[in-house]
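Asks: With the numbering used here, the residue at position 23 of the sequence shown is 17, and numbering never jumps.
Hint data in this document are derived by calculation from the structure and do not stem from the laboratory. It is possible that some hints are incorrect.
Unchecked claim - List time: in silico DSSO-like cross-link candidates among lysine-lysine, alpha-carbon distance up to 27 Å:
| id | residue 1 | residue 2 |
| --- | --- | --- |
| 1 | Lys46 | Lys36 |
| 2 | Lys15 | Lys51 |
| 3 | Lys9 | Lys36 |
| 4 | Lys46 | Lys9 |
| 5 | Lys55 | Lys36 |
| 6 | Lys70 | Lys46 |
| 7 | Lys46 | Lys15 |
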Amino acid sequence: MARNIERYRVSGNLKTTASGKLLYMLLSEMADENGRVEISHKRLSRILGVHKATVSKNLRKLEENGDIFIYNRFDKDGGRIANLYVVR
């Protein structure tokens, strides 16, 4: 329980919108022990029930603020695949 409370405290201090804070909490919850999670914008928008543009805007803001790192990924043919996010 204390871990959950701390997560809310950390996200409450982020300089972003309410949907940005929800996005950060979701990424934190899904991340592995190294803070890494691979997921598409489409899946994030479905989970949160917001438009993909809202997800994109908030991911950019979280990255600009240094709260997450975003690594664009591509398959062997150069096609885009789900990004890798690292939660700080």
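Asks: A separate judgement is required for each hint: does it hold in the structure or not?
Replies: Right, here's what the structure says about each hint:
1. Annotation: proposed proximity of Lys46 to Lys36 holds, straight-line Cα distance about 6 Å (limit 27 Å).
2. At most 27 Å may separate the alpha-carbon atoms for a hinted pair to count; Lys15 and Lys51 meet this at roughly 12 Å.
3. Note on Lys9 and Lys36: the hinted pairing holds, with a Cα-Cα distance of about 24 Å set against a maximum of 27 Å.
4. About 20 Å separates the Cα atoms of Lys46 and Lys9, which keeps this hinted pair within 27 Å; it holds.
5. Between the alpha carbons of Lys55 and Lys36 the distance comes to roughly 18 Å, so the proposed pair stays at or under 27 Å and holds.
6. For the given pair, Lys70 sits about 25 Å from Lys46 by alpha-carbon distance, which is consistent with the 27 Å threshold.
7. For the hint pairing Lys46 with Lys15, the CA-to-CA distance comes to about 16 Å; that is within 27 Å, so the pair holds.
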